[in-house]
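Engineer: Following the hints, put chains B and C in place on chain A, whose structure we already have.
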Amino acid sequence: MKNTLTGKIRTAAAGLGIAGLLLAGQISAVSVSADAGAAFRTLDEIKESGTVNIGVFSDKSPFGYVDEYGEYQGYDVYFANRIGEDLGVEINYVSTEAANRIEYLQTGKVDIILANFTVTEERAEEVDFALPYMNVALGVVSPEDAVIESLDDIGPDDQVIVISGTTAETYLVKNNPEIKLQKYDAYAEAKTAFENGNGVAWANDNTEVIAFSIENEGYVVGIPSLGSQDTIAPAVTKGNESLLNWLNDEIRSLGEEEFFHRDYEETLLDTYGKDYEDTLVVEGGAAPEAAA
Amino acid sequence: MQNMGIDVLFKGRNFLRLLGGLWVAVRISLISVAISIVLGILMGMLMTLKNRPVQILCRIYLEIVRIMPQMVLLFIVYFGTTRVFGWNLSAEYAAIIVFSFWGTAEMGDLVRGSLISIPKIQYESARALGMKEGTLFRHVILPQTVRRLIPLSINLITRMIKTTSLVMMIGMVEVLKVAQQIIEANRKSSPNAAFGVFFVVFLLYFLICWPVSRAAVYLEKRWAE
Amino acid sequence: MDPGVIKSYLPLYRDALLLTLRIGWQGVLLAFIIGFLCVTAIRFKVPVVRVIVKGYIELFRNTPLLVQLFFLYFALPKIGIRLSPEFCGSLGLGLLGGAYMAETFRSGLDNIPVIQQESAESLGMNRLQAFRYVILPQAVASSVPGFLANTIFLLKETSVFSTISLMDLMFTAKDLIGMYAKTIECLTLLVVFYLIMLLPVSILGSFVERRLRHAEYGD
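Protein chains in written order, with the numbering used here: chain A, 1 to 292; chain B, 1 to 225; chain C, 1 to 219.
Chain A with its partners taken away, still in its complex shape (with noise of 0.2 Å):
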């Protein structure tokens, strides 16, 4: 009896199913590979795809984020196009948070992080760098009544907001650890609730503060330089050289048509102005011309 019971309950189970799978069938970019030694896509494995996944970020403005169109812009966001453009694919955008990025490559979930990725030691270790296109350090932004210009400044009970993943966050863990941090997902999160007031400063790239200083007023960046300079470059899944050693050869080709100041023109000139433009853009892959 039990046997006859299952039997029909399957049968109805069937004719759900079906219903569910053509509803599956409306969702985009379903990949399941069972292949466990390919974490990454060589070169020839994207372009044969025709689409190459690249992650930015979406909400940091002017580097990566959406317009009220849609589109994904900025200064990062400039140069994946021009990478899609001569690799001759559709591009993928995929949004990441910035403690997503190591994982996203190392899981394959997608070919290039072009999420304003400063390079550092630990991090090479776990990703691969292609040379450097933007010159950046750390800084320090706080509202201008009460202004922080040295780590010194920051009280025993004061907290200072970081984003989780950042270079950021893990220089002050790492060399003040007696700083109290108050960490964000998203970049959004952390610059509204800095706006709100909820820490007495933020504390990221001195790219961004500075952006966001002169976007905003009432704040000053405080402590424009802290820790070593470093510069930002993409970064793909360890081990996948044929894509890295394709990236680098763009990015030299590209400091030959002065690429990356043309992209600092059109992305980053509203928000910096001319005199930001030396200091941050790398042509070419070179080492920086000046230092900040």
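Heads up, some of the hints might be wrong.
[What the hints assert, rightly or not] Here are the simulated DMTMM-like pairs of lysine to aspartate or glutamate, each with C-alpha atoms no more than 25 Å apart in a straight line:
| # | chain 1 | residue 1 | chain 2 | residue 2 |
| --- | --- | --- | --- | --- |
| 1 | B | K11 | A | E217 |
| 2 | B | K120 | B | D109 |
| 3 | A | K238 | A | E257 |
| 4 | A | K238 | A | E266 |
| 5 | C | K182 | C | D15 |
| 6 | C | K182 | A | E122 |
| 7 | B | K188 | A | E144 |
| 8 | B | K221 | B | E63 |
| 9 | A | K174 | C | E103 |
| 10 | C | K182 | A | E144 |
| 11 | C | K182 | A | E241 |
| 12 | A | K174 | A | D153 |
| 13 | B | K221 | C | E103 |
[What the hints assert, rightly or not] Distance ranges between label pairs, derived from CB positions:
| # | chain 1 | residue 1 | chain 2 | residue 2 | range |
| --- | --- | --- | --- | --- | --- |
| 14 | B | S117 | C | D110 | 51 to 61 Å |
| 15 | C | P137 | B | K221 | 22 to 32 Å |
| 16 | B | K221 | C | D15 | 26 to 36 Å |
| 17 | C | V5 | B | S189 | 38 to 48 Å |
| 18 | C | V5 | B | S117 | 48 to 58 Å |
| 19 | B | L19 | A | T42 | 19 to 29 Å |
| 20 | B | L19 | A | T120 | 38 to 48 Å |
| 21 | B | P211 | C | N126 | 47 to 57 Å |
| 22 | A | G227 | B | Q55 | 57 to 67 Å |
| 23 | C | G80 | B | P211 | 44 to 54 Å |
| 24 | B | S125 | C | L37 | 19 to 29 Å |
| 25 | C | D15 | A | T42 | 42 to 52 Å |
| 26 | A | E178 | C | M1 | 25 to 35 Å |
| 27 | A | E144 | C | G80 | 13 to 23 Å |
Treat the hints as calculated values from the structure; they're not laboratory data.
Here the structure is a predicted model, which means the values were calculated and not measured.
Cβ atoms here follow ideal geometry from the backbone N, Cα and C, with glycine treated the same way.
Structural biologist: Chains B and C in isolation, oriented as in the chain A frame:
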């Protein structure tokens, strides 16, 4: 409304983008509930088997679903499976797996409950009337089970829609992420956008979930008679 | 899996567990109080308040905690109301949980046969006394499994606290993954700590449910 920041929603395609984000949430929920109903019915039948190992396995499964936050399961399925098995699941696929895993447990428990609550006498009377097993199931057992399941499945849909707000954390661009993007892109021109935009998102969720949960309550009352 | 890594992360997870429990406990307590007040207002048909309470229940049962927290923590300061992350966490859980507790409580009350009220009144009790001594104890007892299920639900919901910068278990795991990329270790610890936190409550729930069924049906 200028200073409350609702105006940013009327710039460009912003409002449509928010609705698009909401559709992502609804779509994931509908697919997951469809899968959960199918698997839940099978699961419920399994649970009525008087087989010790099966019962223990079912118990463990239910307990996992009950204890583990969906967020933890999402992380495990999205990142963990790639690490351990090399499966490369898209965020949407991972979300559907997790939600179905959760829904199947709930449905299974409900199906089990309704199967054992149907009095034995109904089987016996139906057989006495000369019904075959198939007819008995289709005309006697199934309608009663489905009646109980439908309101609960509708309820599950709203709970899933609410839970889809978590998929933002595994990189899916749904309504909350779109909201953040809009606030970020307009931080300079509209510093108070956070209020207006989050308020609208709050309302949107309510407007989607409320009618659905009212429908569930209505059906439950109507069929309870 | 690296035991050294796990050992060095343990204190962080312990702190996160304590924070989750502290805020969770406050939230659950608040949820109880709110739920109880709401049900009382509905039960005694307090004018106006009753309508507001019903609206509140519908509103908070039909929106996600994540969105509620976004609103409490990020949107309210824009109109001059600033709350600390911990307070927001407890308040958010309390408001969400209050709506659920109220529903659970109400169905507990609805399950008490009308005859009990009538008998109590025929014994000379007034409405308040009947509620206090006859209806309430039974309703509370039969709602206990529901309360425990809600408690588990609320403690699980703490996993979205990263949004408001609270270092709960989930955020601790995400943060460590972001800094040191030890995914497997972090996720394993995460699962273990959730088990430590919730398995006892869950087992208690099943136990109470069995006892109640035994009390009611004697089987």
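Engineer: Is the gap between the beta carbons of E178/A and M1/C within 25 to 35 Å?
Structural biologist: 32 Å, holds
Engineer: Does the Cβ distance between L19/B and T120/A fall inside 38 to 48 Å?
Structural biologist: 40 Å, holds
Engineer: Against the 25 Å threshold, does the CA-CA distance of K182/C and E144/A hold or violate the hint?
Structural biologist: Between K182/C and E144/A the Cα gap is close to 39 Å, so the pair fails against 25 Å, i.e. violated.
Engineer: Could you say whether the range 13 to 23 Å given as a hint is met by the Cβ separation of E144/A and G80/C?
Structural biologist: With Cβ atoms ~20 Å apart, the hint holds.
Engineer: Going straight from one Cα to the other, do K221/B and E63/B come out at no more than 25 Å?
Structural biologist: Not satisfied, since the Cα-Cα distance of roughly 29 Å exceeds 25 Å.
Engineer: Take the C-beta atom of S117/B and the C-beta atom of D110/C, compute their distance, and say whether it sits inside 51 to 61 Å.
Structural biologist: 19 Å, violated
Engineer: If you draw a straight line from the CA of K182/C to the CA of E122/A, is it 25 Å or shorter?
Structural biologist: OK: K182/C and E122/A at ~12 Å, within 25 Å.
Engineer: Regarding the pair K120/B and D109/B, is the alpha-carbon distance no greater than 25 Å?
Structural biologist: 19 Å, holds
Engineer: Does the beta carbon distance between K221/B and D15/C stay inside 26 to 36 Å, or does it fall outside?
Structural biologist: 47 Å, violated
Engineer: Given a hint of 19 to 29 Å, does the C-beta separation of S125/B and L37/C actually sit inside it?
Structural biologist: For L37/C against S125/B, whose Cβ atoms are near 48 Å apart, the range 19 to 29 Å is violated.
Engineer: Are the Cα positions of K174/A and E103/C separated by 25 Å at most?
Structural biologist: Distance ~48 Å between K174/A and E103/C Cα, so the pair is violated.
Engineer: Is K182/C within 25 Å of D15/C, Cα to Cα?
Structural biologist: Within the cut-off at roughly 19 Å; holds.
Violation of the numbered hints given earlier is confined to hints 3, 4, 8, 9, 10, 14, 16, 19, 21, 23, 24; the remaining hints are satisfied by the structure.
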